[in-house]
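Keeping their order, the protein sequence lines are chains A and B.
For the first sequence, the numbering used here assigns the number 1 to the initial residue and increments by one for each residue that follows.
For the second sequence, the numbering used here assigns the number 342 to the initial residue and increments by one for each residue that follows.
Take these hints with a grain of salt, some might be off.
What the hints assert, rightly or not - If you want the footprint, here are the derived chain B segments under chain A, 3+ residues with CB under 8 Å:
#1 376-386
#2 418-424
#3 667-675
Keep in mind the hints are simulated off the structure, nothing from the lab.
Quick caveat, the model's predicted, so the values are computed rather than measured.
Virtual Cβ for every residue (Gly too), placed ideally from N, Cα, C.
Protein chains: 2
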Amino acid sequence: ADAGAMSRARARQAQLTKPAGALGDLEDLGVRLAGVFGCERPHPRGVAVLVAVGDHGVAAGGVSAYPPEVTPAMVANFLAETPAGPGGAAVNAMARMVGARVYVMDAGVNAELPAHPALIRAALRRGTRDLRLEPAMTCEETEALILAGAGLARRAIHDGADLIIPGEMGIGNTTPAAALSARLLEVDAAQVTGRGTGVDDETLARKLAAVREALARTPVTAPLNVLAELGGYEIAAMLGIMLQAAALRRAVVLDGFVEGSAALVGVALAPALRDFLFPAGECAEIGHGAQLAALGLRPMFKLGLRLGEGTGGVLAAPLLLAAAATLREMRTFEEAGVPAG
Amino acid sequence: ADAGAMSRARARQAQLTKPAGALGDLEDLGVRLAGVFGCERPHPRGVAVLVAVGDHGVAAGGVSAYPPEVTPAMVANFLAETPAGPGGAAVNAMARMVGARVYVMDAGVNAELPAHPALIRAALRRGTRDLRLEPAMTCEETEALILAGAGLARRAIHDGADLIIPGEMGIGNTTPAAALSARLLEVDAAQVTGRGTGVDDETLARKLAAVREALARTPVTAPLNVLAELGGYEIAAMLGIMLQAAALRRAVVLDGFVEGSAALVGVALAPALRDFLFPAGECAEIGHGAQLAALGLRPMFKLGLRLGEGTGGVLAAPLLLAAAATLREMRTFEEAGVPAG
Numbered sequence: 001a002d003a004g005a006m007s008r009a010r011a012r013q014a015q016l017t018k019p020a021g022a023l024g025d026l027e028d029l030g031v032r033l034a035g036v037f038g039c040e041r042p043h044p045r046g047v048a049v050l051v052a053v054g055d056h057g058v059a060a061g062g063v064s065a066y067p068p069e070v071t072p073a074m075v076a077n078f079l080a081e082t083p084a085g086p087g088g089a090a091v092n093a094m095a096r097m098v099g100a101r102v103y104v105m106d107a108g109v110n111a112e113l114p115a116h117p118a119l120i121r122a123a124l125r126r127g128t129r130d131l132r133l134e135p136a137m138t139c140e141e142t143e144a145l146i147l148a149g150a151g152l153a154r155r156a157i158h159d160g161a162d163l164i165i166p167g168e169m170g171i172g173n174t175t176p177a178a179a180l181s182a183r184l185l186e187v188d189a190a191q192v193t194g195r196g197t198g199v200d201d202e203t204l205a206r207k208l209a210a211v212r213e214a215l216a217r218t219p220v221t222a223p224l225n226v227l228a229e230l231g232g233y234e235i236a237a238m239l240g241i242m243l244q245a246a247a248l249r250r251a252v253v254l255d256g257f258v259e260g261s262a263a264l265v266g267v268a269l270a271p272a273l274r275d276f277l278f279p280a281g282e283c284a285e286i287g288h289g290a291q292l293a294a295l296g297l298r299p300m301f302k303l304g305l306r307l308g309e310g311t312g313g314v315l316a317a318p319l320l321l322a323a324a325a326t327l328r329e330m331r332t333f334e335e336a337g338v339p340a341g
Numbered sequence: 342a343d344a345g346a347m348s349r350a351r352a353r354q355a356q357l358t359k360p361a362g363a364l365g366d367l368e369d370l371g372v373r374l375a376g377v378f379g380c381e382r383p384h385p386r387g388v389a390v391l392v393a394v395g396d397h398g399v400a401a402g403g404v405s406a407y408p409p410e411v412t413p414a415m416v417a418n419f420l421a422e423t424p425a426g427p428g429g430a431a432v433n434a435m436a437r438m439v440g441a442r443v444y445v446m447d448a449g450v451n452a453e454l455p456a457h458p459a460l461i462r463a464a465l466r467r468g469t470r471d472l473r474l475e476p477a478m479t480c481e482e483t484e485a486l487i488l489a490g491a492g493l494a495r496r497a498i499h500d501g502a503d504l505i506i507p508g509e510m511g512i513g514n515t516t517p518a519a520a521l522s523a524r525l526l527e528v529d530a531a532q533v534t535g536r537g538t539g540v541d542d543e544t545l546a547r548k549l550a551a552v553r554e555a556l557a558r559t560p561v562t563a564p565l566n567v568l569a570e571l572g573g574y575e576i577a578a579m580l581g582i583m584l585q586a587a588a589l590r591r592a593v594v595l596d597g598f599v600e601g602s603a604a605l606v607g608v609a610l611a612p613a614l615r616d617f618l619f620p621a622g623e624c625a626e627i628g629h630g631a632q633l634a635a636l637g638l639r640p641m642f643k644l645g646l647r648l649g650e651g652t653g654g655v656l657a658a659p660l661l662l663a664a665a666a667t668l669r670e671m672r673t674f675e676e677a678g679v680p681a682g
């Protein structure tokens with residue numbers, strides 16, 4: 001991030017017509033946005049949510065409350081024509097309200113998806129391999145999905161996006177996200193393995209055993225090897241989205257736990273990525289708090305979301321735009337002739 | 342609120358294409374909005390922030406970090422032409438970003454305000470009397486300001502507002518708000534007297550003494566008498582805004598501590614008002630948490646705001662619109678052909 005712009009933004013923040021610090025966390029968010037956009041009066045405009053979808057070999061092991069058939073059905077839902085507009089999922093409804101553009105990528109869904117002009121096809125395989133038994137992805141697949149994510153980010157940015165929201169959907173994907181987080185945060189699997197979409201105690205025990213089995217199978221610690229071994233095609237795609245967005249100096253709004261696991265890989269690879277990450281809310285999934293603590297970033301709200309799809313990021317976008325708007329558009333004490341106290 | 346619409350909304354919420362409860366607090370907010378708008382698929386559109394401004398006799402007692410001259414200067418700032426559009430204050434910048442309309446009312450500023458076509462004039466006196474020494478407002482003034490607030494709410498609703506955000510500005514106004522809260526919550530003054538815009542220890546001690554003095558001066562407990570005695574013209578105006586908005590079945594988005602004190606008076610007068618109130622964030626002012634606990638309502642975020650002007654309410658508006666949008670626009674499992682797990 002641009003340290004000069006941040007320091008000018010901080011100086012400007014102190015001159016604006018409000019008591020010092022009265023905008024709370026928004027003031028620091030504004031300064032961080034100044035750093036991202038290289039300007040003490042940042043003006044982010046377009047918002048895009050990029051939903052990568054993939055299936056998971058481990059889902060056959062009964063780690064989710066939902067059957068894997070939900071994954072392709074949700075792709076159809078993301079793309080459906082509805083009376084309100086395109087898309088019948090939560091992320092679509094929220095994005096319409098915020099004015100965000102939604103992109104949907106098949107990163108590796110285990111189904112023959114019907115043709116749709118808006119579907120971005122990047123799948124190399126119908127779902128990952130079972131991370132308990134073998135590497136979930138090959139190195140070539142991992143690289144290809146990272147590049148596909150990067151390509152999608154470039155497209156969204158070309159279409160006008162300044163706030164990039166990686167989102168995901170894929171039955172079973174909190175299992176690889178938990179395994180990735182345990183390895184990269186160097187914590188016990190139980191600390192980061194949660195109920196996902198809402199599994200019962202028995203399924204949670206199975207899920208935790210699956211995470212432990214995967215971690216015991218492979219000792220890798222290099223970030224890209226960890227990603228390939230423990231997987232998630234949509235996680236690899238989100239990593240590519242984040243790295244490309246940061247390289248092009250855009251802000252990345254982080255939704256929940258699965259997005260957080262991609263961010264951990266990204267920051268391990270390129271620590272400077274952190275400056276471009278803006279966590280939305282602390283989600284209900286256990287382990288999200290540990291991810292945010294490791295990233296050293298504070299979430300904007302705590303609404304108990306645990307849906308994914310980038311929904312938390314879409315909700316946070318107006319807060320970030322407002323943080324930028326106050327820093328950019330408010331008058332100073334001098335301009336307004338207001339006594340500074 | 343409409344209990345039938347809420348129960349239909351709750352049933353619909355359970356059918357939408359997401360794991361049950363995955364939208365966290367947004368689900369309950371959606372159901373409450375269904376109750377307000379009398380429809381299980383609520384569709385709030387316009388957002389308005391109604392900023393009432395007043396001065397306070399007690400400000401002469403040195404209870405604020407800022408001189409009273411800031412109040413009229415901020416009115417000018419709310420109305421100023423700037424390169425970004427009308428208004429150079431935080432609430433203006435945020436409102437432009439959210440698409441909210443801003444209304445500015447002189448509820449009793451201690452200055453000759455220059456003519457401005459957008460300024461709503463409702464002042465009867467240049468600032469309240471000193472609540473330490475005498476009733477801050479007469480009963481007639483109190484009633485007139487409540488009616489002025491109600492009139493402004495009707496105008497905003499006529500202009501298309503479905504989410505009504507009462508806002509305020511007035512140097513010294515956390516002092517009457519603290520006195521009102523202490524009396525209505527039946528707690529010690531120290532529990533609800535805070536640093537406002539950021540006063541030092543000495544000023545805080547003076548402010549607390551002023552609150553205690555006012556409370557000791559008058560034993561009244563009837564809500565309108567408490568309001569008149571302890572005052573705040575802008576607080577009376579906000580009370581009128583809230584009551585009128587609720588009567589016309591609009592949602593009231595509550596910003597901070599001063600707004601909260603008006604809400605306490607309102608709920609004491611008319612308990613059903615509570616169903617129409619949506620607290621934005623928990624602000625940094627001590628005592629706001631106690632107000633929210635008494636109202637039995639959960640805030641949407643905790644960003645450490647302590648500015649007022651309705652800024653927190655403006656930030657919360659997109660979250661409420663998103664809660665309504667998901668409830669209204671998402672497809673059901675059946676519509677989408679998604680296996681329900």
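Results of checking the hints against the structure:
no.	hint	verdict
1	376-386	violated (count 0)
2	418-424	holds (count 3)
3	667-675	holds (count 5)
This entry does not satisfy hint 1, going by the numbered hints stated previously; all others are met.
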